[in-house]
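> Chains as they are written, first to last, in my numbering: chain Y, 1 to 501; chain G, 1001 to 1179.
Hints are computed from structural coordinates only; laboratory data are not their basis. We treat Cβ as the ideally placed atom computed from N, Cα and C, and that holds for glycine. Each hint should be verified, as a subset may be incorrect.
[Said to hold, decoys possible] Within a straight-line C-alpha distance of at most 25 Å, the following computed DSS-like cross-link-like pairs (lysine-lysine) qualify:
| hint | chain 1 | residue 1 | chain 2 | residue 2 |
| --- | --- | --- | --- | --- |
| 1 | Y | Lys167 | Y | Lys136 |
| 2 | G | Lys1044 | Y | Lys337 |
| 3 | G | Lys1059 | Y | Lys27 |
| 4 | G | Lys1151 | Y | Lys324 |
| 5 | Y | Lys25 | G | Lys1151 |
| 6 | Y | Lys15 | G | Lys1059 |
| 7 | G | Lys1044 | Y | Lys16 |
[Said to hold, decoys possible] Residues from chain Y shown here face chain G by an in silico Cβ test under 10 Å; the list is partial:
| hint | residue |
| --- | --- |
| 8 | Pro13 |
| 9 | Lys15 |
| 10 | Lys27 |
| 11 | Lys32 |
| 12 | Ile39 |
| 13 | Glu43 |
| 14 | Ile325 |
| 15 | Glu359 |
| 16 | Asn499 |
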Amino acid sequence: MKKQYEDTEFDNPLKKLNSDLMWNKTKKQELKNRILVDIENLESNERNKYSSISTHSKKINVSTFNKRSTLYKRFSLAIVVCLIIVSTFTFTPAFAVIQEVYDKIFSSKHIDDTGVRTAINQGYGQALDQTFYDKKHDITVHFEMVVMDDKETKLLLTYQSEKTNLKNYYLDIFEGDTSINLIVGNERKKLKNVGWGSRYYDSKENKVAEAESFESIKEYEGQDIRLEIENLTIYDDNRDSTVHTIWPLSFKLDKSAISKRKTVEINKNFSFEGETYKIKKVEFSALETRVVVTGSDTKLLTDERGMQYRIMSNLEQKFLNARKIDKKYGYIVDDKKSGVFLKSAGKKVEPIFSKGEVEGAKDEYIMIFAPVKDRQDCILEVGDDIKIPLNKNGTIEKQSEGNEKTNIDALLAENGFIAEPLSNDEMKEMDLYLEKHSKEYSIGRRTIIGKVKNHENSKVIAVTISQSGILGEIQAENPETAEKVRKEKGLSFIPIYLNHD
Amino acid sequence: MSEYRKEEIADWYDQHSKSILTFILLMVKDYQQAEDLTHDTFVKAYLYYDSFKNHSSEKTWLFSIAHNLTVDFLRKRKPSIFFKEFFLSQKDNNNLLPEEIIKIKENSYEFYKALGEIKDTYRKVIVLRKIKGFSIEDTAKILSWSESKVKSTLFRAIPVLKKQLIKEGFLNEEAIRRY
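Bound conformation, chain G alone (with noise of 0.2 Å):
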């Protein structure tokens, strides 16, 4: 049983770690911090497997769990005052998004750069319904939202990132009006 749990925690790693990875890294905007949650998203998925119980694909379950661990590690970071400093004195630093390991278009960089300016809750859910393509009701899911709330918050989200781009100058205001 053990070894099928284990198969099958491989298997998802195969098919699910690359996206759970790039949503974790949008959540943090650190690479190493993203490589522990991902890490620790698996093993907890492997702990947990009993619980698992097919009423959301496996998928789901996973974004899940990182979420959780995600908005944890967001939650302890904010009033330790060593993380705190810790973080602020890495703000601007590349290494958290070290080249050799992950790589951005540059297209899309200008995205992934207004995206990390917008509050957490915004963001997880751009992240969540636009960029991972969930469904409102597995975003819920995910979020421990109410499905009125994804759509609320998206629906507010959205300007938020396009006021986001003209602001980091990526979109003019001309360009949005004729949207």
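Okay, chain Y solo, but in the shape it has when bound (with noise of 0.2 Å):
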């Protein structure tokens, strides 16, 4: 797992800023003292489905329904579910030799990217097993493999020293101060790296493992080429330093290191919280599967100065969800979370999450699994709910669409509101109101559902939901302040929108 750091000048101030501001003690006990009060009070009235919470100089609902009901229920499904992920890639007797080869700590769980394992295992790559000694420093590094695709390139390296502690040296080049030079012949370039990598540190051995990830070479196949890693970065508590050194790796690049990849088209559309979205195609080798898409909100924004930026979508949220950060293994799944998963040959198919940041072509999102055992039979699952087979001809399962209308509209009912489609005329009052606000507002994290029924003598100008269940009101203070509010706002109605947390 890769530390992340960067520095500027004013980093100390600020820091200083954080110590310098300093809170009442007394003040500190009162607030406190009222929270557990409202604690308690909310415990007495736990019964009560609704809970009203006042602050200061409005009023805020925060209001539960069911806390925790339907939508949760996900989730202990996918409990029972996630638990099939161990056998998902076991590892067989008939590769036993080749594991030898390696140092196992490469296709033990410490690396966190199951592509690796699965290569490895599959007696996937061009064995290297070259050592060389950085004598300054006095660190063993031993180079063990490199596999690619037409991606990426893996370059498997132990490093490992009597005398100095290399608990805190990362070969970052994802963000530190390492790179990794390709040479061959009169050509040099600094290589890209692909998501981040995968590190791990055996404080018994004082022995670092990496897998670097970078862009794939392998259009060098049965060249002469030379790897040189330069630079390796320490990050400790406070901040970061560069150790200046050049680890060379000189080797004729086989056939044997490069895998294929066959690329699927697939063109299917589905729904997801309130979003669009296409699989274009699916992608598998043995490093990874991809899957790539497009939907309304995987697109490239431009902010004022013009520069391009993205959003989180819905379904990259919810990719996410499953990410958990262990201190032992890395970036692994957590078994407990809904998420996106594959699913081949009936075995669930894990994300290699330390693949983050992979950026594919304007407007494309790409999730990317573990390589599949079965490319003809591979399902992608969207929370529990959307079941869309990898093939052209399969249809998409879509169990509970009803379910989170349901709950919206139990939710509203709670509440005193009933909802209803906006008209034509006000879709276009809408557009126009998130053309105008989108930035100010961050309204991508959030899809107008509908309208209340019944607006008139309102003193509400908008009603938000969030996914995990709580309904809050943006309120005026009389229905005639709300009504010029709403006009203001170019509205003629009270919006309904879903916040996805």
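Join the two chains, each given in its own frame, into one complex according to the hints.
This is the structure in structure tokens:
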């Protein structure tokens, strides 16, 4: 797992501002008492479905609808299903000999990339078996193997020292000071990272195992190449620093290092949490399975300075929902959480979370999973409800499309609201409003799901519902002001938004 | 169970309330609102305790709640006329930061003031990354942004803060060039 750090000249004064802000102890205690009293009140009213918390100058209603009721049933289902993961890629005796060539650490869970583990177990890759001694820092480097497809290269190496404590030493090409350079003949180029790679530090042996992950070099097949790892990054609690060094590696790139990628065009549409998505294609290789998606919320946005950026789509949030950071094993799957998974040949296939931030083409979002056993039998599961066969013919199953709507309607009813759909004219008003305010209010994180029926004489300006089941109202002090505010926004109705937590 | 939950919330309050209150304060620039939103953060954490699954630290989780409440508050504040008027009328009112409750040492006041003048998006990424010391990943979680957006926004936010410090007369350009 990689650490992240960057320096600016204001780091110290800004850190100081944190400690220089001092809060009166009595006030702190008073607020604590106020919170605990409110919690006690909530407990005593716990049997009531409706709870109201009043803040100072305005009223915020925090309502719960059968807290953690139907929406959360999905999570309990997920627990049962996720337990199956353990058996997805088991070690088979047939590959035991190949396994012995490499340090066993690379096929263990300490390397948080199921793709690397699977590739080793299935015998992919070119053995390097080269040792380099960095005399200045007393570090012995062992290059174990290289494996790649057309999108990335994995270089597996270990480094160990008797004198230098390597606990905080990283080969971080993602955002550290480390780089990897390729030299072929007169050509020299710095290789770009793909995701973060994986790292494990064995404190007993003072040894680090890293699976460096960078762009594919398959085009150099059959050629003598030299790779140079330049600099190490040291991360400690306060700041990072650089160890200046070069670790060279020369070898002839053999075709055994290269695995092929097979792409299957899918072009299937589905909707999820109010957004529409298209699965464009799925790509299979020995190191991974990529599912390439575009959607109504995966588009590149442009800020006022012309800089393009992305926000997290609902699908990405769901994908990352099952991501857990474990001190021992890096990025792993949280078996208790709902997420996005593949199922192949009846077995669940884990996402590879260490390949974060892998960019696709414009407007694309890429989900990366471990390699699958059966490429013909592959299903994308979004939460527990949506199942999409990753082939051209199979039909999409959406099991509980009505459940969410039922929950929302129930929550609205509890609070005295009835929802109805927007008319065409109202949709136009909404589009104009969103266009005008999207940057200002980050409206990408909410979806309009309808309007309040019979809004006359209401002091409500807007209603928001969070996916975790909280209803919030924005109110004016009287119906006249509310209407005036709505008019200012160009809206002739009370919008109901679904907020994506 | 509920007693255990309450105890845990109380522990979390002892550990993180100051950090959360000052985060909100830097965002809303009004002590009383910051206190109310801190209150709501811990009450909401109590209500949704079961949905906290330790996939991040409790601090990150509490900050996500605080951030969402703050964004909701800022969002509500903007479109509503009477709120707008209320805040405009109090813009330079020192009561928003009552000295008997919150004190800022003199050297840091200039940063507090300059931060208060830059736009919300820049302010929050600076506060979380540089003042509160969250990792890029946790910052992304709290803000529901991608990690690359955290990095690129921070990259743009620092020069904006620098410009603001110069504008306010807290830094001169000569000094900046020396960095």
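> Could you tell me which of the numbered hints above are not met by this structure, giving the numbers in increasing order?
5, 7
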